[in-house]
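**Student:** Could you build the full structure based on these sequences and the hints that come with them?
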Amino acid sequence: MKISLGPIYFYWSKQETFDFYDKIEKSAVDIVYLGEVVCSKRHQLKLEDWLVIAKRLSAAGKEVALSTLTLLEADSELKRLERICKQNDYLVEANDFAAINLLSKQKSPFVVGPSVNMYNSASLSVLTGKGLARWCLPVELAKDTLQAIMNEKKIALEAEVFVFGKLPLSFSARCFSARAYNLDKDDCRYKCIEHKDGLLLSTQEDESFLVMNGIQTMSAASFNLIKEIDDMQALGVDVVRISPQYEHTDHIIQIFKDRINNNITTDQAEQQLTPLSKHGQCDGYWFEKEGMGKINLEQLSAL
-6 MKISLGPIYF YWSKQETFDF YDKIEKSAVD IVYLGEVVCS KRHQLKLEDW
44 LVIAKRLSAA GKEVALSTLT LLEADSELKR LERICKQNDY LVEANDFAAI
94 NLLSKQKSPF VVGPSVNMYN SASLSVLTGK GLARWCLPVE LAKDTLQAIM
144 NEKKIALEAE VFVFGKLPLS FSARCFSARA YNLDKDDCRY KCIEHKDGLL
194 LSTQEDESFL VMNGIQTMSA ASFNLIKEID DMQALGVDVV RISPQYEHTD
244 HIIQIFKDRI NNNITTDQAE QQLTPLSKHG QCDGYWFEKE GMGKINLEQL
294 SAL
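Going letter by letter, the sequence shown gives residues -6 to 296 in my numbering.
Please keep in mind that the hints were generated in silico from the structure rather than gathered at the bench. For every residue, glycine included, the Cβ atom is placed at its ideal position computed from N, Cα and C. One or more of the hints may lead you astray.
Straight line, CA to CA, 30 Å or less: simulated DSS-like cross-link-like pairs of lysine-lysine [unchecked claim]:
hint : residue 1 : residue 2
1    : Lys55     : Lys123
2    : Lys146    : Lys184
3    : Lys55     : Lys271
4    : Lys178    : Lys220
If you anchor each label on the Cβ, the simulated ranges turn out as follows [to be verified]:
hint : residue 1 : residue 2 : range
5    : Leu194    : Asp137    : 28 to 34 Å
6    : Lys178    : Lys16     : 28 to 34 Å
7    : Gln261    : Thr196    : 50 to 56 Å
8    : Gln261    : Ser165    : 26 to 32 Å
**Tutor:** Written as structure tokens, this is what we have:
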């Protein structure tokens, strides 16, 4: 089982981003997804900068994939998408069907990210015929759904599961970070760069609920499936995905690596991960429960 690092959902400065990937070069991660997937207005890094990072990570022995925007709204964004899809040095992670369409026409192999709604083996079979090489389970789907798909799947296709990080729940044409400052989207002043792990939204009871990240809505709690590693290995999952956060990402990767290699127990891994999640943890979707719920080991044995 390999470990992947998803694309950075948040807006960090160019120097912060380069410093982050300096640490990732030395980490135990196997696959790294690079690129802007949330908002094309984020201009700290150009495609050329991402390619510099990609080259360095490849030299360090990492498999690199370039990730595409999830929501395209302008011709300029389509042109950027075409540039990413036409390069031949790296695999592309398609995060919407515009990218899938371009890549399939080129007969280029590709990955689909968790924002693409692939809910059954029939859909996967169709896309496999168009070049799909690996797919990431949508975060709202449960283990039982994955098991059914894996049992039905009659194609050579790698399966990837999002196992740690704030859940990417939805994307909108509206910018919530700008709205929080009473700004129009066209005059957002790049407010999202001030919130390294997104802008927290709490309930009236002062409980952490969601995170606003530009046009993206995320969970406040970190999704954590470390206790499911053994079951995922038994199911035949090829890759587990960790989503970047501003601090401790390299440490989180190492904890998952140690658990996969049976160097630590599930309890030890849980204890190490708990303080690295600023707004708590959740795993409800995986067990067909409310997404923000956290199923403990006693509840798990009763399911």
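**Student:** All hints, please: hold or fail.
**Tutor:** A quick look at each hint next to the structure:
Among the hinted pairs, Lys55 with Lys123 is consistent with the structure: their alpha-carbon atoms are about 26 Å apart, no more than 30 Å. Distance restraint check for Lys146 and Lys184: the Cα-Cα separation of roughly 44 Å exceeds the 30 Å cut-off, and the hinted pair is therefore not satisfied. A C-alpha spacing of about 28 Å is found between Lys55 and Lys271, which places the hinted pair at or below 30 Å, so the restraint holds. Distance hint between Lys178 and Lys220 is unfulfilled; the C-alpha atoms sit about 40 Å from each other, more than 30 Å.
Between Leu194 and Asp137 the C-beta distance comes to about 30 Å, which sits within the given range of 28 to 34 Å. For the pair Lys178 and Lys16, the beta carbons lie near 33 Å from each other, so the given range of 28 to 34 Å is met. Range check, Gln261 to Thr196: about 32 Å between beta-carbon atoms, so the 50 to 56 Å window is missed. Separated by about 39 Å at the C-beta atoms, Gln261 and Ser165 break the suggested range of 26 to 32 Å.
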